[in-house]
Structures are given as structure tokens and as C-alpha cells.
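> What follows is the residue order along each chain.
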Amino acid sequence: MLDFTTILGNVRAKAPLVHNITNYVTVNDCANILLACGGSPIMSDDEGDVEDITSICGGLNINIGTLNKNTIPSMFLAGKRANALSHPVLLDPVGAGASKLRSDTAARLVDELRLAVIRGNISEIKALAQGSSGTHGVDADEADRLNAANLDSVIAFARAFARRTNAVVAITGATDLITDGARVCTVTNGHPMMSRITGTGCMLSAMTTAFVTANPACCFEAVCTAVIAMGLCGELAHARLGAQDGNASYRNYIIDAVYHLTARQLEDGARYEMR
Amino acid sequence: MLDFTTILGNVRAKAPLVHNITNYVTVNDCANILLACGGSPIMSDDEGDVEDITSICGGLNINIGTLNKNTIPSMFLAGKRANALSHPVLLDPVGAGASKLRSDTAARLVDELRLAVIRGNISEIKALAQGSSGTHGVDADEADRLNAANLDSVIAFARAFARRTNAVVAITGATDLITDGARVCTVTNGHPMMSRITGTGCMLSAMTTAFVTANPACCFEAVCTAVIAMGLCGELAHARLGAQDGNASYRNYIIDAVYHLTARQLEDGARYEMR
Amino acid sequence: MLDFTTILGNVRAKAPLVHNITNYVTVNDCANILLACGGSPIMSDDEGDVEDITSICGGLNINIGTLNKNTIPSMFLAGKRANALSHPVLLDPVGAGASKLRSDTAARLVDELRLAVIRGNISEIKALAQGSSGTHGVDADEADRLNAANLDSVIAFARAFARRTNAVVAITGATDLITDGARVCTVTNGHPMMSRITGTGCMLSAMTTAFVTANPACCFEAVCTAVIAMGLCGELAHARLGAQDGNASYRNYIIDAVYHLTARQLEDGARYEMR
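Chains as they are written, first to last, in our numbering: chain F, 640 to 914; chain Z, 640 to 914; chain R, 640 to 914.
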């Protein structure tokens with residue numbers, strides 16, 4: 640059983656400062672969801688700035704969504720400094736498989752950094768683990784989606800990748816799968832409309848970094864809780880939608896729901912299975 | 640007559656993946672309006688990334704709103720690759736006329752790329768066509784605005800520019816004008832409050848790219864429909880405003896309205912004239 | 640007494656065009672709040688672009704929130720051009736004290752440019768004035784916060800810094816303090832929840848630039864009014880929050896409140912003291 644009271648309580652009580660090297664598409668939503676969950680965001684991506692900034696933070700969120708030749712070296716510099724300080728580092732390999740630069744950069748980050756968490760959709764994680772390519776942009780390929788038929792094989796794949804990287808691996812989609820190489824948690828919270836907003840994955844990565852930063856003794860449980868929290872807030876926000884509300888309002892309502900999220904809501908609404 | 644059912648239906652059915660090289664001011668809104676209309680966004684602007692990314696997309700949206708020395712070469716690389724693949728390319732010459740770099744870059748993009756669509760306000764399009772300058776920032780000059788007195792001359796100008804560039808030219812403002820060099824469509828949908836939001840032009844360009852990507856056989860009609868859709872959603876969103884709602888809520892409501900937009904709403908609400 | 644009717648009226652009547660070199664985290668909110676208050680935004684940060692752009696604007700807002708090696712030289716180029724044209728320049732030293740690059744860049748901007756306004760939280764302004772470091776990310780340190788016990792010493796510090804820089808210095812927090820070196824204004828408008836949104840400081844800096852640009856004869860009063868306006872809109876927006884509204888909706892409501900703000904609301908709601 641996940642102890643939502645302790646895990647969420649730690650985020651709220653410790654207000655972890657999270658360094659984000661992230662894309663400029665969803666960066667504002669990442670900052671606001673970090674504030675909503677109880678954390679505090681700082682963004683910095685210049686080679687001359689990132690080591691100082693990551694040093695005053697508690698965790699580091701690396702998202703390659705709009706990587707470029709200036710920010711890629713910064714990811715390595717910040718990551719190595721965070722490693723030296725034993726800060727948890729999360730990698731969100733946005734679009735791995737969609738371009739050589741993304742695939743190679745993500746693979747090098749996995750090789751050269753000690754990652755606490757790797758979070759992506761199934762196509763991105765497969766590209767990262769297997770060197771495959773051809774994802775449909777930054778969304779998961781239909782062929783890759785987790786379902787009853789492929790669940791066992793995806794679990795085996797994720798476990799092996801988690802063992803190889805020593806990271807908690809979170810593969811998110813209609814069903815989410817989190818594993819530390821031994822334990823496996825599947826989560827079915829969430830709503831299909833979340834895929835109609837840009838950045839639900841990025842927001843989850845940012846929030847997950849806050850959760851693991853505030854809960855160093857139980858990284859796996861913290862990732863599971865963040866994934867459940869995001870899915871549940873997607874459900875709560877969907878229930879709030881009026882007839883004229885579309886994806887823009889939905890985005891706001893999800894962040895609002897994180898702002899008001901309680902351990903009690905998590906206990907009542909979580910749909911997960913430990914394997 | 641525009642066949643809204645087919646044109647909008649194609650966007651929803653094909654979910655075109657649109658590569659955006661765009662400014663960081665309105666990029667989140669561009670991504671969310673692409674998702675709202677039924678498309679799918681990907682942003683990438685590094686020289687080492689854009690060719691791969693544009694190759695897996697269906698269309699390319701180039702917006703020079705915050706151009707810089709790193710992203711300008713990427714615009715050409717991506718544009719040439721998109722041309723080679725016969726993907727439609729849209730140019731939004733934000734602030735052309737306001738600086739030499741913007742004017743020159745936009746002019747070079749027109750010269751070196753085969754553009755399917757050029758969309759801007761009247762000052763930007765004039766600057767692009769005539770090398771004039773002195774726009775009021777990124778908004779249209781008052782002196783340039785389309786009105787009954789200058790309509791014929793603006794139509795003649797736009798037609799000539801469309802013929803020279805072989806692009807569909809869309810000049811948007813209180814009255815919008817779209818031409819492929821032969822046909823001309825004027826649109827009077829929209830609401831003055833749309834100018835009190837940042838990025839309605841950028842959002843329209845992103846959405847237009849999705850519309851032309853999903854409707855390759857009728858680019859002109861697809862542009863007209865996107866322009867009408869944006870204006871109509873501006874009206875629908877305005878009707879929804881409560882007493883305390885201002886421009887931030889208005890922005891969300893416009894994207895929400897695109898999310899719910901139907902061909903029936905377009906048929907009932909479109910105000911356009913074919914010439 | 641501050642003449643809110645004239646100061647706000649000038650912003651609405653003159654629609655000042657403000658050049659922003661700002662971070663990509665909150666840039667969209669800065670653009671929308673500039674439009675909400677009656678100004679007009681343009682963003683440009685490339686060395687080849689900023690001099691032309693700042694020349695057609697009325698004021699310049701420099702925010703170092705995501706400074707990098709490309710945009711730092713642009714800040715100096717734009718600032719010097721703005722100085723040459725006697726446009727007011729505002730500096731928001733985001734995260735000064737949190738990294739050497741931020742502290743050094745902010746200090747150099749203070750040294751090399753003639754600044755009309757410097758706006759930051761107490762930790763940032765102290766770092767800038769005293770070369771101290773170690774702020775908690777981009778938020779103010781608890782130890783630095785303005786309170787009854789340290790008010791006199793902070794006033795003396797702020798006055799001295801304003802005299803040295805010839806700038807109006809605005810230190811914002813639970814209590815805001817504005818000084819031109821002689822006069823001092825303290826403001827207690829605002830709501831604690833504003834710290835749960837990313838970018839309230841950035842938005843205030845952008846809006847303040849519009850206010851001083853439209854009110855060249857009374858820079859100090861314009862800064863005081865902008866600070867009061869932001870705080871009051873934070874209160875008005877908070878009063879509007881429904882049970883499910885969180886920080887995302889709150890952000891929108893603040894911008895909405897600025898959009899509808901009247902001189903009458905300022906007269907009724909302002910809580911300030913001139914010393």
C-alpha cells in the first residue's frame with residue numbers, strides 16, 4: 640500500500656526546489672504544476688548557469704522536448720553536478736525515436752548520468768532501450784500501446800530496462816506502468832482527454848521530480864504516487880468540465896486539481912495494482 | 640461554397656502532425672490549438688533536429704516571432720526538407736517591417752522556399768512584398784488597415800503577391816482576405832477583443848497549417864476555412880465571457896471553442912464572400 | 640496622493656509598446672498582462688534584432704530569468720540603444736544571488752545601463768546591491784522578508800541603492816517598498832496566494848514598464864501605481880476564486896482583473912503609505 644499521507648505530506652512540507660531544464664512549449668505549465676503540488680520551480684539552461692542553480696536545488700528534471708546545441712551540454716553539466724550532490728535526476732526523453740538527435744542525446748544521458756527516474760511514453764522508452772525509431776511525433780505509437788495482450792512482455796521489458804539503468808522507469812499511457820526492476824505498479828487513473836492537452840507528460844515529469852526529491856527514502860513509491868496523482872487530477876478536472884470547456888480550460892483545471900489534492904482524495908480515487 | 644464538413648472532417652480524421660518552428664511567446668497556445676482542432680503538434684528548432692522531425696510530420700509552420708541566429712538556419716533546413724517531401728509550408732512573418740533581421744529573413748524564406756501559405760497582418764505582408772518598414776511592433780499599422788476605400792487596391796496587391804510567390808496569401812485583420820492569385824475570399828468573422836490577446840495570429844497560423852496538411856487537394860479552401868474558424872471561435876468565445884472575464888479567460892475560451900467546433904457551427908456562423 | 644486616473648489613463652490612451660527581453664517561462668503571461676493593462680508587447684532577444692526592435696518601442700523590460708550566452712549581449716545592446724533614445728529601461732534581476740552568472744550579469748547591467756526601474760524581491764535586490772548570494776531559488780529568503788522590525792533598515796538600504804543607481808527601486812513581497820532615493824512608498828496590497836503562481840513578479844515588471852513608459856514625467860508614481868495595481872488585482876482575483884479554482888485559474892483571473900481595472904477600483908482598494 641502506498642502511504643499517500645506521508646508522500647504528499649512530504650512534498651507540501653518540504654517544498655522541494657526543482658531545477659528544470661525543459662522545453663519552452665510547456666515550461667509555464669511545469670512551473671505552475673510544481674507550485675500547485677507544493678514544490679518550487681527554477682528554470683535555467685545556460686552552461687554558465689546550470690551548475691550553480693542545480694546546487695541550490697533538491698532535484699533536477701531534464702526534458703529534451705526542445706533540446707538544442709546550447710542546452711544539451713547544460714543537461715550533462717547539471718546532471719553531473721546533481722549526481723555529485725546526490726540530488727535525484729529525472730529524464731523525460733521527449734520524442735526519443737523521432738529524431739537521431741533526440742535518440743542519441745537521451746541515450747547518452749542514460750549512459751553518462753545516474754538517473755533516479757526515467758519517464759516517457761511507451762514509444763519513447765522503447766526507443767531509448769532498444770534504439771528503435773519512428774515514433775509518431777511525441778505521442779506514443781498505436782502499435783506500442785499497453786494492453787492486456789502485451790502487458791506481461793512490456794513489464795518484462797520495463798523491468799529489464801530499470802535494472803540496467805538502476806532507475807525507476809515510468810511508462811505512462813492509458814495504463815501506466817512503474818517499476819524499479821523488482822516491484823511493478825500499474826495505474827489506470829487518468830482520462831483520454833489528457834492526450835488533447837500539450838504537456839501532461841512534461842507536467843507529470845516535473846511533479847514527479849518534486850515527489851522524489853521530497854521522498855528520498857522511497858523513490859519508487861513517490862513515482863507511483865505522482866503518476867496516480869496526475870491521473871486522478873485528470874479525472875477530477877474532467878468531472879469539472881462545463882459544456883463549453885475544452886482542452887484549454889481542462890489544462891487549467893488539472894493544475895487547479897493538483898493545487899487542492901489531498902491524501903484522502905488519493906486514497907479514495909487511486910486505481911493501482913502492485914505486482 | 641466552402642465544404643466545411645469535408646475540410647474540418649479531414650483535420651479531425653487525419654490528425655495531421657505539424658512541425659512548428661515558432662516563437663516562445665505563444666508556443667503553448669499554438670500547441671493547444673493544434674490539439675483542439677484535431678491536429679498534433681511537435682516543436683523543434685535545432686539545426687541538428689529539424690530535418691528528422693519535419694520528415695515524420697505532414698506540414699511545417701514557420702513563425703519568425705522570436706527568430707534568432709540558431710533558429711533561422713533551422714527554418715531553411717526544415718523548409719527545404721519539407722519542400723523535398725512536398726509537405727505544405729506556412730510562413731508567418733511576425734514583425735516583418737519592424738526590424739531588418741525580420742524583414743530580410745522573411746524575404747529570404749519567400750525566395751528560397753516553396754511556400755503553400757503566407758499569413759500575416761497587412762503591415763507584415765506589405766513589408767514582405769514591398770520591402771517597406773515601420774510597422775507598429777507586431778501589430779498592423781492603422782494606416783494599413785483594410786477598409787471599404789482601399790479594398791480593391793489591397794485585393795490587387797494580394798493577388799499579385801500570391802501570383803509571384805505561388806502561395807495562398809492570407810491577410811488577417813478586422814476583415815480578412817485570402818487569395819491564391821485568382822480567387823479571393825473576404826471574411827468578416829472575428830471580434831475586436833481578439834487583438835487584446837497575444838498570439839491569435841500565431842494560433843491561426845498553426846491551425847491553418849493543420850488544415851492545409853489535412854486537405855492537400857484544396858489548399859485555398861482549407862486556408863479560408865481555418866481563417867473563418869478562428870474568427871468564429873473568437874465570436875463564440877466572446878459570447879461566453881462573464882462580467883469578470885478578461886483577455887486571459889478569453890484566450891482559453893477561444894481554444895475551447897476550437898475544441899468543440901463543428902461543421903454545422905461553421906455553416907451557420909461563417910461570414911465570407913468569394914470574389 | 641497618487642493620481643490613478645491620470646496614470647492608468649495614460650497607459651490606456653498611449654498604449655505603450657514595450658520591448659521585452661525576458662524568460663521563456665512566463666513570457667506569455669507577460670505579453671497578456673501588457674495587453675490587459677493597455678500596453679502592447681513585443682519580444683525579441685537576438686543580437687541582430689534587438690536594436691531595431693527597441694527603437695520602435697517606448698520602453699524596455701529586461702528580465703534575466705532564463706538568461707543565456709546569446710541573450711545576455713542582447714540585453715546590453717538593447718539597453719544601450721534604449722538609453723540613447725531615452726526610453727525607460729526596467730531591470731528584473733530574477734535569481735540574482737542564486738548563481739554567479741545571474742549576479743554578475745545583473746551587476747553589469749546596473750553598471751553599464753541607465754536604469755529607470757529595478758524591481759525584484761528583497762533577496763535579489765540585496766544580492767544586487769551587496770554582492771551577497773544564496774537565495775532560495777528565485778523566491779525571497781525567509782530571513783530577508785520585510786517586517787515591522789526591519790522596515791527602517793530596509794528603507795535605508797533601498798534608498799541608498801536607489802541613490803547609487805539613479806533608479807526607482809521596487810522591492811516586492813508581502814509588503815512592497817518603492818523608493819526613488821528620496822520618497823518612499825510602502826504597499827500592502829496583494830494576497831499570499833500570488834506566490835503560488837509562477838511569474839507574478841515577471842508580470843509586474845512587464846506591466847511596470849508600460850506604466851513608466853506612458854508616464855515619463857512621474858516615474859516614481861507610475862511604479863507605485865503598477866505595484867498597487869498588481870496587488871489589488873491579486874486581491875480581486877482571489878475574491879473571484881471558486882471552490883475548485885487553484886493557481887492556474889488564479890493566474891488567469893489576475894490578468895482578467897488587470898484587463899478590467901479602473902482608476903476607481905484603485906482609489907477604493909489601494910493600501911499604501913507615502914513616507
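Please note that the accuracy of each hint is not assured.
Put simply, identical chains are the same to the list, so a pair is met inside one copy or across any two.
[Said to hold, decoys possible] Simulated pairs of lysine-lysine, DSS-like, Cα-Cα distance not exceeding 27 Å: (1) 739 <-> 653; (2) 719 <-> 653; (3) 653 <-> 708; (4) 719 <-> 739; (5) 739 <-> 708.
Simulated from the structure, these hints should not be mistaken for laboratory data.
> Take the hints in turn and mark each one as holding or not.
Hint by hint, here is what the structure shows:
1. Only between protomers do residue 739 and residue 653 lie at most 27 Å apart by alpha-carbon distance; the minimum there is 26 Å, versus 39 Å within a single protomer.
2. In the homo-oligomer, the alpha carbons of residue 719 and residue 653 lie at most 27 Å apart inside one protomer (24 Å), although the nearest pairing across protomers, at 43 Å, exceeds that limit.
3. Neither within a single protomer nor between protomers do residue 653 and residue 708 lie at most 27 Å apart by alpha-carbon distance, with minima of 34 Å and 33 Å respectively.
4. In the homo-oligomer, the alpha carbons of residue 719 and residue 739 lie at most 27 Å apart both inside one protomer (23 Å) and across protomers (18 Å), since each shortest distance falls under that limit.
5. In this assembly of identical chains, residue 739 and residue 708 lie within 27 Å of each other by CA distance both inside one copy and across copies; the values are 14 Å within and 22 Å between.
Checked against the numbered hints above, the structure violates only hint 3.
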